[in-house]
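J.: One-letter residues, chain by chain:
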Amino acid sequence: MAAAEPLIEVKGLKVHFHTEDGVALAVDGVDFSIAPERTLGVVGESGCGKSVTARAIMGLIEPPGRIEQGEILLHGPDGIVDIAGLDPRGAEIRDIRGTEIAMIFQEPMTSLNPVFKIGDQIVEAILLHENLSRSQARERAIDLLAAVGIPMPRQRFDHFPHQLSGGMRQRAMIAMAMSCNPRLLIADEPTTALDVTIQAQVLDLMNALRRDFNTAILFITHDLGVIAGMADDVVVMYLGKIVESAPVREIFRHPKHPYTQGLMGSIPSLTDWGARRLTAIEGVVPSPFAHAQGCGFAPRCPHAMEVCRRRSPDLLKVGPGHTAACFLHQAAP
Amino acid sequence: MIRLIVGRLLFMVPAAFLLVSFLFALFHLIPGDPAVMLAGDNAPRSVVEGIREAYGFDQPLHIQYGRYIAKVFQGDLGISNYTRDPVVNSVIPRIINTAQLAFLSMLFAMVVSLLLGCVSAMYWNRPLDKFVTVVSLLGICTPVFVTGLLGIYFFSIYLGWLPISGMSSWRHFILPVITLGSFQAAVLTRMVRSCMVDALGKDYITTARAKGAPEFLVVFKHALRNALLPIVTLFGLGLGHTLGGSVVTETIFNWPGLGRLMVNSILTRDLPITQGSIFFFAMIFILVNLLVDLVYAWVDPRIRYD
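Same order as they appear, the protein sequences are chains R and H. Residues in the first sequence are numbered consecutively from 1, following my numbering. Residues in the second sequence are numbered consecutively from 1, following my numbering.
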């Protein structure tokens, strides 16, 4: 899917959480890359490892979590940095956070610090990375607030988070994330906590900013509708693994993996309204502590074969730019 | 903000009124005839009756109540049964001594607990955190008189560095302040730790880290400012406890404070002094609570602006 030089490459990433209940394989061998100015959508149910992958890229995995294996290669003008190998509390990763890669979160209600003015929180992000005076940073912050569509930005600068609505807070978060012009923006379910009308506005805003700032986006969501409108490429995750990966049109037209097909079947369609019942994927996501043999989706898969319970399928090519990890599309060994 | 301050100040009036009413009731609820108490058990009947008239104890209760309230609001808390001095004159110097001790102890406790609590939270569940936990549990378990006596034995008698009792120089303050403050320091360290652990787990901490803030800023700006909300309340309560709980420390170090004055007045049945001491203790408590409310509003914009 990546055309020329990628912006970021994730190779064989494994993030495990060592808890008293055992080892949770939150991310269990994930590979993908994002090209500059492209949007990669990551889809999956809760607990499939989407957010942990995002946090790993930011170097924000906290104990008991640990990056066990793999590389996260950030291609920059000064060469390639392996984020997975950096000290998560060190100066190098801090220089990357905010400037190269910025992140916005699911809960705009709790992601802004309630005791500081939103303007000051943006100014802090600017001053951490750029050699500006406070008043210059303040002007930049006000411009950013205006750019993300916050009315009366000069007055809003001095407001506290609790004085803003959820949508406004998420806009402020986006302004903060864009403050140092990052090359990659990670959006971890940025619209999940918002009303549908506000969702649409925030998505429009993100699309506009992507054009204006030439930023690549890693867009995490469980909402396929959002993916269809935002992403260029899509990866589908299940139990810490990528089960399917393709350009957005391809995956909506020809979903190959039974899990992806299940996700598609569970959204209502406008065209065959009433003609079709929505289908649900049977069962629930297994515990990440249960390291069963074989394909992780086999227990819920309507097409599960004998081989699926013995071996885990590799992610192999099934079409142009399209890969899937399913024995249905592979010659049985 | 100004509305909040005025509101809180106005709230002090009914609080003070209730307090004075309670003191008046106390005087009449405890067993014994107040005139006999003043005159002494063996005083002739004529003397007792003279006192009863002079103090107005023969008047109906509501008139006595009205007079008492009027006197208190004029700053007259009565006369000590023993020294015959106005209560205010004996209580004020004592309260200054106790306040010095209590505020310095709380300052000590605040500095120690903020430092140890933050460090503990930063190294949550690691050896350093466990060490701090053990030390603070030890501090909570050790009674003040044990800390005080051990301190006197070690620093004053064995090493000879610090004076044993009195309050004539700054060196006299060290042992009492540490003795009185260490218990609060231990309790507050536990609270600061848990508040900080809680704050450090919040989403806005991830946001702060995600914008590239160094760990120092994350902990001492973003987390601490939020953790302060519950901590400020606890500091206020701690100050109240320290003021009221200074009796033992004052006794150990022969500190001329209000706590000792009050205990002595109870033992000698010098009721006006007891009333006066309680009045001042309670007023300080009310003032400290006011202070806590104001600091709270300063720390938390959600309170300031609502």
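Since the hints were made in silico from the structure, they are not lab data. Accuracy of the hints is not assured; some may be wrong.
What the hints assert, rightly or not - Which residues of chain R face chain H? A partial, calculated answer using Cβ under 10 Å: (1) Val23; (2) Ala91; (3) Ile93; (4) Ile101; (5) Met103; (6) Ile104; (7) Gln106; (8) Met109; (9) Pro161; (10) Gln163; (11) Gly166; (12) Ile281; (13) Glu282; (14) Pro286.
For each residue, glycine too, the CB sits at the ideal point set by N, CA and C.
J.: Against each hint, give a clear statement of whether it holds in the structure.
T.: Taking the hints in turn, this is what the structure says about them:
| no. | hint | verdict |
| --- | --- | --- |
| 1 | Val23 | violated (18 Å) |
| 2 | Ala91 | holds (8 Å) |
| 3 | Ile93 | holds (8 Å) |
| 4 | Ile101 | holds (9 Å) |
| 5 | Met103 | holds (4 Å) |
| 6 | Ile104 | holds (9 Å) |
| 7 | Gln106 | holds (8 Å) |
| 8 | Met109 | holds (9 Å) |
| 9 | Pro161 | holds (9 Å) |
| 10 | Gln163 | holds (7 Å) |
| 11 | Gly166 | violated (13 Å) |
| 12 | Ile281 | violated (29 Å) |
| 13 | Glu282 | violated (33 Å) |
| 14 | Pro286 | violated (26 Å) |
In this structure, the hints that do not hold are numbers 1, 11, 12, 13 and 14, in rising order.
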